[in-house]
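Peer 1: Sequence:
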Amino acid sequence: MIILFYLSSGLFLGWSLGANDAANIFGTAVGSRMVRFKRAAVIASIFVIIGAVVQGAGASETLGKLGSVSTLAAAFTVALSAALSVYWMTRMKLPVSTSQAIVGAIIGWNFYTDNPTDIGTLTKIVTTWISGPILGGVFAVLLFMLVKKIQKSISIHLLYRDAIIRFGLLLVGGFGAYSLGANNIANVMGVFTKTVDLPVIDFGFIKFNGTEQLFFIGGVAIAIGVITYSKRVMETVGNTLMPLTPEAAIVVVLAQSLVLFIFSSQTLSNAVQSIGLPPIPLVPVSSSQVVIGAIIGIGLYKGGKEIKFNILGSISLGWIATPIVAGLVSFFMLFFVNNVFKKDVGESENSPMQKIVMKMDSIADSALEDDTITLVGEDPEFSVKNNKLPDMSFDENDSSGLPMIVFGSLSLFLLLVSIYLTIKLRRIKQNQDSELKKLENKYLFKLKELEESLNEQKAKQTDLDKELKYRQNEMVTMAMNIIRKNEFLSNLKREILDIKSTVKDSESRQAFNRLSLMISQNLSIDRDREKFQMHLNERNSKFLRLLSEKYPSITDNEKRLAVLLRLNLSSKEIASILNISPKSVEMNRYRLRKKLKVPPKVSLSDFIREL
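So in the working numbering, the last one in the sequence shown is 757, and the numbering has no gaps at all.
Simulated from the structure, these hints should not be mistaken for lab results.
Just to be clear, a hint being listed does not mean it is correct.
Pairwise CB distance ranges, derived in the manner of DEER restraints [to be verified]: (1) Met-733 - Ala-657: 33 to 41 angstroms; (2) Asn-577 - Phe-487: 43 to 51 angstroms; (3) Met-733 - Thr-608: 36 to 44 angstroms; (4) Gln-297 - Val-748: 40 to 48 angstroms.
The calculated lysine to aspartate or glutamate pairs, modelled on DMTMM-like cross-linking and capped at a C-alpha distance of 20 angstroms, are [stated by the list, open to error]: (5) Lys-741 - Glu-695; (6) Lys-688 - Glu-620; (7) Lys-729 - Glu-704; (8) Lys-705 - Glu-684; (9) Lys-612 - Glu-756; (10) Lys-488 - Glu-719; (11) Lys-340 - Glu-358; (12) Lys-740 - Glu-695; (13) Lys-740 - Glu-704; (14) Lys-740 - Glu-756; (15) Lys-631 - Glu-719; (16) Lys-583 - Glu-602; (17) Lys-294 - Glu-207; (18) Lys-575 - Glu-452; (19) Lys-688 - Asp-702; (20) Lys-294 - Asp-308; (21) Lys-743 - Asp-702; (22) Lys-211 - Asp-260; (23) Lys-688 - Glu-704; (24) Lys-451 - Glu-393; (25) Lys-688 - Asp-609; (26) Lys-211 - Asp-308; (27) Lys-340 - Asp-490; (28) Lys-718 - Glu-732; (29) Lys-696 - Asp-752; (30) Lys-584 - Glu-595; (31) Lys-353 - Asp-343.
Every residue, glycine too, gets a C-beta built ideally from N, C-alpha and C.
Using the sequences plus the hints, can you model the full thing?
Peer 2: Below you can see the structure in the form of structure tokens.
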């Protein structure tokens with residue numbers, strides 16, 4: 147049970163990793179409802195445990211080279227420091243990395259115990275923090291280009307495309323969970339591998355050594371984090387830095403999985419080394435950093451317009467602050483565990499902190515033994531003879547405490563700078579949000595005014611259209627009345643001429659002649675026609691003015707014909723109104739078409755109505 151207690155800090159760190167980093171794998175799929183959370187959680191849990199047990203040793207070995215935590219109490223404290231740092235910075239809404247937190251905590255242990263930090267290993271790890279996102283971006287761009295090329299060359303039905311994307315998200319998510327477990331289990335259980343010695347479990351067909359058992363326990367902790375807490379993170383992740391399509395989401399997860407797999411595969415590293423190339427460093431890489439690198443890579447490939455660059459500042463700040471905060475927390479928690487609970491944290495007798503404690507103990511002992519310090523009555527008073535206190539100075543030639551002082555000063559300075567920049571960035575963001583809110587309200591108000599104005603214009607236009615339609619109908623009605631009256635008079639004149647041809651009496655023939663002449667005069671001098679023409683010109687004054695401006699050479703008769711064509715009257719009806727033959731109307735239409743330069747396939751009436 148005592149071992150389980152000490153492992154609890156690593157399990158807490160594993161739970162935090164599963165709760166947060168699982169969103170990098172299935173966040174977009176679950177958030178967009180392409181994959182159900184239960185299915186995603188089950189797949190992620192199974193494969194993260196398999197990856198941790200099968201391929202987790204490589205990255206853990208590198209962490210051991212950075213700092214070999216030698217006692218169980220120290221391992222517990224280092225893991226707890228990393229977990230608390232992740233929790234604290236998450237509460238501050240700063241992006242964090244468990245990989246950076248555990249590295250910072252181990253370096254804090256190195257400084258406290260005066261154990262050397264392997265600069266080569268540290269350089270290798272820090273280099274991967276930079277190369278990981280870059281490699282993720284390169285992989286993402288190449289995969290995105292491949293996906294686009296496949297989409298262009300293969301036509302897939304929408305339903306099949308949706309099914310393929312869902313299957314692809316599950317497949318890539320399983321690989322991503324495997325890679326996450328393989329690479330990041332070192333963050334969870336790496337510090338315990340030197341201090342916890344579990345007996346080998348033999349099932350006959352398979353054996354589990356102590357390290358694999360630790361990795362299995364850590365994988366289970368990550369899985370519990372996925373199942374119990376990652377749902378709310380998954381449902382909100384995906385569009386923080388840049389909106390992603392389902393295809394781009396698959397590409398990002400696959401790129402992240404490949405990077406994590408590469409930096410945790412001993413077999414791949416050996417294969418690369420066998421062909422004469424440098425071995426691939428097996429180090430824990432931040433999945434969040436790689437995902438961000440992949441998203442930025444796709445965003446830059448698309449032109450960079452969709453990337454929210456203002457978020458990158460806070461992300462970068464979190465990456466810088468995480469190892470520093472974890473190192474400081476680890477340093478002071480080790481001091482607390484060592485001196486309050488009297489637990490062995492593996493410190494050297496020559497460590498700076500141990501020297502400080504020993505010096506303080508010697509001062510206290512000398513003070514108690516020195517008879518120059520006396521208590522008087524119930525109110526303690528101190529008297530010092532010869533004005534001399536115990537010597538608290540250190541040997542000037544002893545420089546073993548210098549690294550601790552430099553590290554502490556530098557860490558404190560960077561921490562203060564980080565906090566200052568965080569506060570400043572937050573204030574800038576708050577001011578920007580406030581300004582954006584004001585602009586948004588201003589534009590919404592203007593937009594509302596424009597919408598109201600547009601609705602008024604639409605209402606006026608509707609009324610005008612109704613009025614115009616009414617006037618046009620009125621004009622058409624007048625035109626039809628004139629046409630019917632002229633047809634009646636023409637028919638009446640024809641009947642009179644027919645009757646006249648049958649009459650022999652000269653007086654009657656003269657009467658019929660006078661009657662026929664009166665009808666002809668009425669047809670040629672028609673008051674209704676003149677009234678109609680006046681109304682027509684009045685109602686189409688704008689149209690007539692437009693015709694004159696666009697076609698200066700157009701005649702009055704052609705204008706009159708254009709107005710009648712605008713009413714959609716036939717050539718026969720126009721001939722009746724103008725009291726000319728239909729053939730003359732057709733000739734006038736031909737001339738008008740030529741003058742207006744109407745294309746042959748376009749109706750003259752339609753062309754005139756669209757002017």
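Peer 1: Evaluate each hint against the coordinates.
Peer 2: Do the hints match the structure? See the list:
1. Met-733 - Ala-657: 33 to 41 angstroms: Given a distance of about 38 angstroms, which is inside 33 to 41 angstroms, the answer is holds.
2. Asn-577 - Phe-487: 43 to 51 angstroms: With a Cβ separation near 47 angstroms, Asn-577 and Phe-487 satisfy 43 to 51 angstroms, so the hint holds.
3. Met-733 - Thr-608: 36 to 44 angstroms: For Met-733 and Thr-608 the Cβ distance comes to about 40 angstroms; the hint holds.
4. Gln-297 - Val-748: 40 to 48 angstroms: Since Gln-297 and Val-748 have Cβ atoms about 41 angstroms apart, the given range 40 to 48 angstroms holds.
5. Lys-741 - Glu-695: 14 angstroms, holds
6. Lys-688 - Glu-620: 18 angstroms, holds
7. Lys-729 - Glu-704: Roughly 15 angstroms separates the two Cα atoms, so the pair holds.
8. Lys-705 - Glu-684: 13 angstroms, holds
9. Lys-612 - Glu-756: 18 angstroms, holds
10. Lys-488 - Glu-719: With a Cα-Cα distance of about 115 angstroms, the restraint between Lys-488 and Glu-719 is violated, given a limit of 20 angstroms.
11. Lys-340 - Glu-358: Satisfied, since the Cα-Cα distance of roughly 13 angstroms is no more than 20 angstroms.
12. Lys-740 - Glu-695: Measuring from Cα to Cα gives roughly 17 angstroms; hence the hint holds.
13. Lys-740 - Glu-704: 11 angstroms, holds
14. Lys-740 - Glu-756: 17 angstroms, holds
15. Lys-631 - Glu-719: Distance ~12 angstroms between Lys-631 and Glu-719 Cα, so the pair holds.
16. Lys-583 - Glu-602: 28 angstroms, violated
17. Lys-294 - Glu-207: 40 angstroms, violated
18. Lys-575 - Glu-452: 19 angstroms, holds
19. Lys-688 - Asp-702: 15 angstroms, holds
20. Lys-294 - Asp-308: Cα-Cα ~16 angstroms, so holds.
21. Lys-743 - Asp-702: Status holds; Cα separation ~18 angstroms.
22. Lys-211 - Asp-260: It holds: about 15 angstroms lies between the C-alpha atoms, which stays within 20 angstroms.
23. Lys-688 - Glu-704: Roughly 16 angstroms separates the two Cα atoms, so the pair holds.
24. Lys-451 - Glu-393: The hint holds at about 19 angstroms.
25. Lys-688 - Asp-609: 18 angstroms, holds
26. Lys-211 - Asp-308: Since the Cα atoms of Lys-211 and Asp-308 sit roughly 47 angstroms apart, the hinted pair is violated (cutoff 20 angstroms).
27. Lys-340 - Asp-490: 15 angstroms, holds
28. Lys-718 - Glu-732: Since the Cα atoms of Lys-718 and Glu-732 sit roughly 9 angstroms apart, the hinted pair holds (cutoff 20 angstroms).
29. Lys-696 - Asp-752: Distance ~17 angstroms between Lys-696 and Asp-752 Cα, so the pair holds.
30. Lys-584 - Glu-595: 17 angstroms, holds
31. Lys-353 - Asp-343: 15 angstroms, holds
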